[in-house]
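> Residue numbers (our numbering), protein chains in the order written: chain D, 1 to 595; chain A, 1001 to 1235; chain Y, 2001 to 2363.
Worth flagging that the hints you see were computed from the coordinates, not collected in a lab.
Covered by chain Y, per the in silico footprint, the following chain D stretches (three or more residues, Cβ under 8 Å):
#1 28–34
#2 207–219
#3 240–249
#4 476–483
Taking lysine-lysine pairs in the BS3-like style, the calculated list, with each CA pair at most 30 Å apart, reads:
#5 Lys381/D with Lys352/D
#6 Lys2263/Y with Lys2224/Y
#7 Lys2181/Y with Lys61/D
#8 Lys2263/Y with Lys498/D
#9 Lys2181/Y with Lys381/D
#10 Lys2186/Y with Lys2138/Y
#11 Lys517/D with Lys2263/Y
#12 Lys495/D with Lys2263/Y
#13 Lys2263/Y with Lys61/D
Every value quoted in this text rests on a predicted model; they were computed, and no experiment measured them. Quick reminder that beta carbons are idealized off the backbone N, C-alpha and C, glycines included.
Now for the letters of each chain:
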Amino acid sequence: MTESVTANGFALDTSGQRVVVDPICRIEGHLRIEVNLDTENVIRNAVSTGTMWRGLEIILKGRDPRDAWAFTERICGVCTGVHALTSVRAVEDALGIEIPTNANHIRNLMMLAQYTQDHLVHFYHLHALDWVDVVSALSADPKATSALQQSISTWHKSSPGYFRDVQARIKRFVESGQLGPFSNAYWGSPAYKLPPEANLMAVTHYLEALDFQREIVKIHTVFGGRNPHPNWVVGGMPCSFSLNETGGINMEWLNLVSSIIDRSIEFIDKVYIPDLTAIASFYPEWTTYGGGLSSTNLLSYGDFPRVANDWSQENMYMPGGAIINGDLSTVHEVDTRDPEQVQEFVAHSWYKYPDENKGLHPWDGVTDPNFELGPNTKGTKTNIQEIDEGAKYSFVKAPRWRGHAMEVGPLARYVIAYARGNEEIKAQVDGLLGALGLPLTALFSTLGRTAARGLECSWAAHKMRVVFDDMMANLKAGDTATSNMDLWEPSSWPKDTKGVGRVEAPRGALGHWVHIKDSKIENYQAIVPTTWNASPRDPAGNIGAYEAALLGTPMVNAEQPLEILRTIHSFDPCLACATHVIAPDGQELATVKVR
Amino acid sequence: MNSNVASGLREAGGKRAEYVFEAPVRLWHWVHTFSFLTLAVTGYLIAHPLPSPIGEPSSHFLMGNIRMVHFISAYVFAVGFAVRIYWAFVGNKHSREIFMLPLWRGRWWRGLLHEVKYYLFLTPREDKRLGHNPLAQTAMFFFNTVMTFFMIITGFALYGQGLGLGSWADRMFGWIIPMLGDGEGTRNWHQLGMWVMLMFVIVHIYMAVRADMVGKRSSVSVIIGGWRMFRDDDS
Amino acid sequence: MGIQKTFYEAMREHGVTRRSFLKFCSLTAAGLGLGPEFAGTIAHALETKPRTPVIWLHGLECTCCSESFIRSGHPLTSDVVLSMISLDYDDTLMAAAGHQAEEILEQTIEKYDGNFILACEGNPPLNEDGMYCFQGGKPYVEKLRRMASHCKAIIAWGSCASWGCVQAAHPNPTRAMPIHKVITDKPIIKVPGCPPIAEVMTGVITYMLTFDRFPELDRQGRPKMFYSQRNHDKCYRRAHFDAGQFVERFDDEGARKGYCLYKMGCKGPTTYNACSTIEWNEGLSWPVKSGHGCLGCSEDNFWDRGSFYSPETNLTVGGGIESTADKVGGILAGAAAIGVAAHAAASVISKVKNSDKGGASHD
Chain D
1 MTESVTANGF ALDTSGQRVV VDPICRIEGH LRIEVNLDTE NVIRNAVSTG TMWRGLEIIL
61 KGRDPRDAWA FTERICGVCT GVHALTSVRA VEDALGIEIP TNANHIRNLM MLAQYTQDHL
121 VHFYHLHALD WVDVVSALSA DPKATSALQQ SISTWHKSSP GYFRDVQARI KRFVESGQLG
181 PFSNAYWGSP AYKLPPEANL MAVTHYLEAL DFQREIVKIH TVFGGRNPHP NWVVGGMPCS
241 FSLNETGGIN MEWLNLVSSI IDRSIEFIDK VYIPDLTAIA SFYPEWTTYG GGLSSTNLLS
301 YGDFPRVAND WSQENMYMPG GAIINGDLST VHEVDTRDPE QVQEFVAHSW YKYPDENKGL
361 HPWDGVTDPN FELGPNTKGT KTNIQEIDEG AKYSFVKAPR WRGHAMEVGP LARYVIAYAR
421 GNEEIKAQVD GLLGALGLPL TALFSTLGRT AARGLECSWA AHKMRVVFDD MMANLKAGDT
481 ATSNMDLWEP SSWPKDTKGV GRVEAPRGAL GHWVHIKDSK IENYQAIVPT TWNASPRDPA
541 GNIGAYEAAL LGTPMVNAEQ PLEILRTIHS FDPCLACATH VIAPDGQELA TVKVR
Chain A
1001 MNSNVASGLR EAGGKRAEYV FEAPVRLWHW VHTFSFLTLA VTGYLIAHPL PSPIGEPSSH
1061 FLMGNIRMVH FISAYVFAVG FAVRIYWAFV GNKHSREIFM LPLWRGRWWR GLLHEVKYYL
1121 FLTPREDKRL GHNPLAQTAM FFFNTVMTFF MIITGFALYG QGLGLGSWAD RMFGWIIPML
1181 GDGEGTRNWH QLGMWVMLMF VIVHIYMAVR ADMVGKRSSV SVIIGGWRMF RDDDS
Chain Y
2001 MGIQKTFYEA MREHGVTRRS FLKFCSLTAA GLGLGPEFAG TIAHALETKP RTPVIWLHGL
2061 ECTCCSESFI RSGHPLTSDV VLSMISLDYD DTLMAAAGHQ AEEILEQTIE KYDGNFILAC
2121 EGNPPLNEDG MYCFQGGKPY VEKLRRMASH CKAIIAWGSC ASWGCVQAAH PNPTRAMPIH
2181 KVITDKPIIK VPGCPPIAEV MTGVITYMLT FDRFPELDRQ GRPKMFYSQR NHDKCYRRAH
2241 FDAGQFVERF DDEGARKGYC LYKMGCKGPT TYNACSTIEW NEGLSWPVKS GHGCLGCSED
2301 NFWDRGSFYS PETNLTVGGG IESTADKVGG ILAGAAAIGV AAHAAASVIS KVKNSDKGGA
2361 SHD
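Turn these sequences into a full structure, and let the hints guide you.
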């Protein structure tokens, strides 16, 4: 069988040349992509393989639920804190704990800071080199670069002398013969379209962003003590406000947070967004490639509650829902507790289910790792040349919403909020599309995904200001409480209870499902954004978001996987998240062979 | 029959008495006891601190004092033990009993069996010994001598964490910390060691008092005056 | 390698004057806790050495070490990467991917055999023939062993590489191993922490570049300059510990006054790290300063010591026995007391019996 049509309507053809990219670099964790090209070098089949597994949920079993945030936070250090927040929310949901207003504000602030920093780092340090040719920057004219910079933004670092210095620095670096992280890349490829001046500007901002991102996360340091991996606590936040004592968060730290918010807004609006617009304008064809599931099936849980402890979508700064079959007129409500809605399948994942044709809701899941390669694998168990996607082929499970493969992430959030008629989001999207002269459908593409992330970065930076001001107003009104310790002691907990924590992480919809019994974790499950996006096929043959997005993309040079990197990077993959995985019942790891 | 009878016999009113524990041994016994009890109490309070005193920290040193008492007692405990080891070399033969189990002697093993049976009420007669009987000696060896070593090593290793890397305590005892996993592990085992010794204390006191009340020889007074009395002499 | 620039040349070319260069050297000396007399040594070292190649591998991890690394304020990460080391391979940052990325490893072995530094983030799993983490179709542990056999020295970043960390917590389903249990024939410097402090990471690198040797290590392979004291030793809340003033629950009066977090489970008293001295994110704060106890993330086994919120921790690591010393000890002492009481009662009964029989009592 070389040609087929998937259940979700994508034509696959496995007859052509097979190209393997492993590792995919500039992502978090370890990912392998294999594609088949037709004679025109167009991608006709795509296979996404998560190549690591850590078993964190197995490790969580039997532990104190109040500790779970620290374990799950270590699922990912790039989107640090998001799993911790999801975990404390899940435990609070299970135990019926309501958090104080200030804790809600602080958590929102920390998540928004995370969006701002994470999106910025993703764009410049993990994604930009797919579009920006570092070597080409050497031939730029610093004066013209300065003119370009000043034409698109009022950012103050824009003099010809400044760009000349940076260019000289890059030049000496390249001439040293030690290219460091830029070694062996695809410089000079015709797939790079930017003029030298735009390249120099972008490389300059690569360095500026690297220096600036560490400022943003100081918001985590103030409230959580450090970054990466700030501290959280079930029932609120561990920090205290000490406005008239010495010991906790005082006016000096609050001023620092306020100043970081202002500087973040400035950097994002004056550097990131203009760069994004400029780069996008040189790659118009990428508004037609890489759409995948984005034009049909999108999922977001919604996040950033204005008022603490109210989980209705009306209360969310970023409202969520589900869109299926491309029908933007209907946004479906998502219930993470409904066993019929969110389910995970393992027919093509390296795990075992009693019945692999059925999906399981996370509260009822089963985990049994089962690393076995299909009969058409080329190579050996420990030296895989080509993987057999007809069998099990990834450590990522296949989550589905009502049976649909879904895309999650900034683009999904933006389309859903747009479809819900959210004014802020609509204004942003229409503004950008208008400036580039593109229709709404241009969003459903590799570049659309990258653009939505940029817009969201700006949205998050501005939203920090709103949340901060709300928090200050609450403090002014005399409420300084940061945590609710009424149900801190395990003796006050129900004997057997379940909870769900939901967060919209920078990369998309994130859920943790916890079952607490006798004050211990009986079962813990997480379905993370990259599990949705990097999903392998399910028993019905639906392909996941990465696989769908790669189809139909022409490659300039099959030896240089730039196009694959562009589309995969547009999702901002996080594989340590996706493959932490999944441990419900007691029968752990019966099949693991110990050498 | 009793071959242990050697020196310093005296007769008093039909009862035999014998000089067993020399003065330094007796002194050490009480120094050891009271330093241990102080260490146990202060150690427990370090693990489970008292409620916070009110006011500026500069006007209190509660935890600091508890720890200081702990450390001073620890020095007494350790130095006392060192002196006791010295005395094992120069003292009478009973002074060596707690350091060495004569595993090579068949008679010692038979005595051990006999004692076990006696305490399980399987045999009515108690062997009459001057020093420790084989069972007591074994318990003493493992639960007092070895545990004392263990507590001194782990205690000073933890103390060395405060003194700093390269301090005498760290150099002499710091090696135990990686062996027990980490600092937290060492603390835990040190804490458990206290409980094990406390358990020994309970049994030890019971045995001594019981021996005085129902046995044929004095047990409590021997560690005060050094003389062991035998109530009847029919052996 | 004639075209390779020394650090000094690179800085000169970036427009740095000799005067500022020497100033940088004396600041570096101060930053490393060395006297001003070392500024000359540093200057000499940086003037004469080509940038050292660094191969940065990622096993099972969460990338928090890399994220921490790029937070370094002095030196700036951009300066480290562009001017101090040659970060030739780092899958999180590098432009190349797939074959082109993996080729760099072989090129490095060819060009710099025995002369590059291997920086390991994360650890290799050994179960399932190592396939719980594979790259380029092969087990990560193979790649690690291959690169280790040709490197000069290894830096084990973070608690994953140093101890095992979260994926090695009980029951360690993938059998994830710290680097020193897999590579035994190379010098390894451990920089534990989950993650380590950014400036500790760049401090270790600059020390090695400057002095061309490892910093002094403690018994367990950690650099003494950052890991020779416990967080507790230099904690700014230490006065409250000594005074016996403790936070009893989050956001109580003690918390607002900055009392000691020991009763909230703070592991500062047993945790060797530089948090209380260097602090995080350019000296802004650290967990205790922001109100949460230290998790002990730079210590071995910190995941398996029981609740993070109890001053009493588990006696043993994993194994299903979750018990604190006091629980076990209480049971022991209780059992002893009960045993004694029972034995005493039995003794009395035995005595009575013997008298009843009228037998010759020897008691």
